[in-house]
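**Q** Top line first, the protein sequences correspond to chains D and X.
Each residue of the first sequence is one higher than the one before, starting from 1 at the first, in our numbering.
Each residue of the second sequence is one higher than the one before, starting from 1 at the first, in our numbering.
Any given hint could turn out to be false.
Chain D stretches covered by chain X per the calculated footprint, using a threshold of three residues with CB under 8 Å from any CB of chain X [stated by the list, open to error]:
#: 1; region: 7–16
#: 2; region: 76–90
#: 3; region: 94–104
#: 4; region: 207–220
Bear in mind the hints are in silico, worked out from the structure with no lab data behind them.
It should be emphasised that the depicted structure is a prediction, and the values quoted were computed from it without experimental measurement.
Beta carbons: idealized from backbone N, C-alpha and C, even for Gly.
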Amino acid sequence: MWRSILLKEWLKIRWFLAAALIVNLGFSIKIFLDIRSILSAEHAQMVWYQAVHLHTVFHHDMRYVPLLTGLTLAAAQFFPEILGRRMRIALHLPMARDGMMFFCLAFGLGVVGAIFLVDALFIHLTMRAYFPFEVAVSAVMTALPWFLAGVWGYLGAVAVLLETAWPRRVFFFLVFSVLIAMLYSGVGYGWLTPALPWLGALLLPAFLCVFESARRFQRGGA
Amino acid sequence: MKNVIEVHNLCHRYNGRSIYENLNFSVPEGSVCGLLGKNGQGKTTLVNILMGFLKPTSGTCLVLGENSHNLSPAVRHRVGLLHEGHLAYEFMTITQTEKFFRGCYPGWKSEVFFHLMDKMGLPHNHRVGNMSCGQRSQVVLGVIMAQSPDLLILDDYSMGLDAGYRRLFLDVLHDFAAQGNKTIFVTSHIVQDLEQLVDTIIFLDKGEIMQVGLDQFMRTFRKYVFQCERDASLPKDEVIRGFEQRGRQVALYSYEDMEAVDRHLASLGIQAHQLCRAPMSLEDGFIGLMGKY
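Full structure from sequences and hints, please.
**A** This is how it looks when you write it as structure tokens:
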């Protein structure tokens with residue numbers, strides 16, 4: 001039965017996943033080319049000074065791409081379900097609602113996470129090609145809040161889409177927007193790294209809040 | 001005979017408006033029950049309550065012995081549900097639809113599904129989203145038939161269908177009901193179709209319900225026609241349950257025999273010329289009992 005759910009989720013997102021991969025890889029390549037271009041145009045000491053002392057984040061252009069990816073994949077996965085309240089088909093299947101929701105979310109988060117892993121790998125390899133290991137690690141740690149924003153964006157979009165009552169929709173939109181905005185509010189390398197475990201822990205209530213939205217969706221009637 | 005659906009003291013309100021008050025009815029196993037009501041009387045709401053997509057304000061609904069707002073996967077497995085508008089996954093092809101549902105229902109009958117699909121003459125890689133309303137309805141019909149459920153709940157299956165597709169539904173549903181111990185609960189706005197299918201009807205009007213066997217209703221509820229000199233604005237009472245007037249021709253609906261109707265019309269000062277009983281279809285009876293608007 002779970003394979004059927006997997007098939008359904010895959011059919012919904014496959015083209016969006018391909019587009020997201022292309023965009024993410026495109027930005028990763030752009031960052032590689034930008035850094036190579038900077039290094040060929042400027043003296044290495046100047047680039048080092050920019051990176052270490054001025055905290056210039058060379059992969060800054062990528063920061064909204066994970067958020068866009070999370071939002072896109074959430075919409076691709078759940079928009080077809082809320083159109084005409086089509087999710088009633090899945091909710092009538094002979095399987096537990098929460099189990100089905102968990103599997104759908106796990107699939108979506110797994111896909112989002114896999115894309116971010118590819119991004120992180122590219123950032124690390126690109127930075128490692130020109131900078132010491134510590135700078136490459138710091139670059140990945142700097143990007144982690146952006147990836148977290150992508151995951152928040154995914155969960156927030158799902159909660160807003162499944163929610164049936166407009167006041168709750170607006171409330172979720174505001175809460176998730178504030179949380180995501182916080183992840184983008186700093187500058188420089190690794191500014192949010194100490195808080196990342198706490199921000200990561202907040203994913204659990206966000207995850208559970210989607211289950212509540214799904215429960216209300218089922219009770220929402222026609 | 002046990003009941004497949006039982007509704008006790010069901011009350012439901014929406015935005016402060018009462019939809020039902022103390023609704024009671026049951027659907028016995030093996031019956032084909034049609035729910036009839038004018039638009040906006042709450043037929044889809046009732047189906048949504050029965051399938052757990054809406055929690056009633058009060059009262060209980062039992063489907064296959066379980067509370068409808070908390071149906072177990074095992075009971076959902078035994079219920080084939082056709083949602084209003086023939087909801088289907090439009091991003092899937094015919095093959096993908098079959099593969100998806102086959103994995104969800106252990107007793108899935110692929111041959112039943114593909115038998116109905118092949119009637120359409122479409123390639124199996126045809127996307128559901130690119131189909132006409134009728135073709136999509138056929139996919140949904142194939143899905144619920146291949147599940148081989150014990151109870152079928154069809155919410156306005158005839159919506160948007162031409163005569164051919166409606167007839168296909170009737171043929172398939174007849175065959176399904178003939179298997180024995182299979183129950184169908186159906187709503188439709190094409191009342192004459194239900195006449196060929198159901199054995200029990202439930203009339204839903206202004207939150208109240210009347211359940212009656214089709215044969216009994218068609219035998220006891222009567223249509224009379226007569227000519228009238230002037231505009232006959234008849235009151236609805238114990239004898240006159242409904243009437244329609246087109247020009248001088250009046251159709252009157254009643255549970256009473258012709259003599260009682262004639263006497264009643266005379267007592268109202270109405271000269272009914274050529275009063276006689278006329279053949280009545282279920283649609284006539286529906287209009288006679290529920291009114292047009």
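**Q** Now tell me if each hint is right for this structure.
**A** Outcome of the hint check:
no.	hint	result
1	7–16	holds (count 4)
2	76–90	holds (count 6)
3	94–104	holds (count 3)
4	207–220	holds (count 3)
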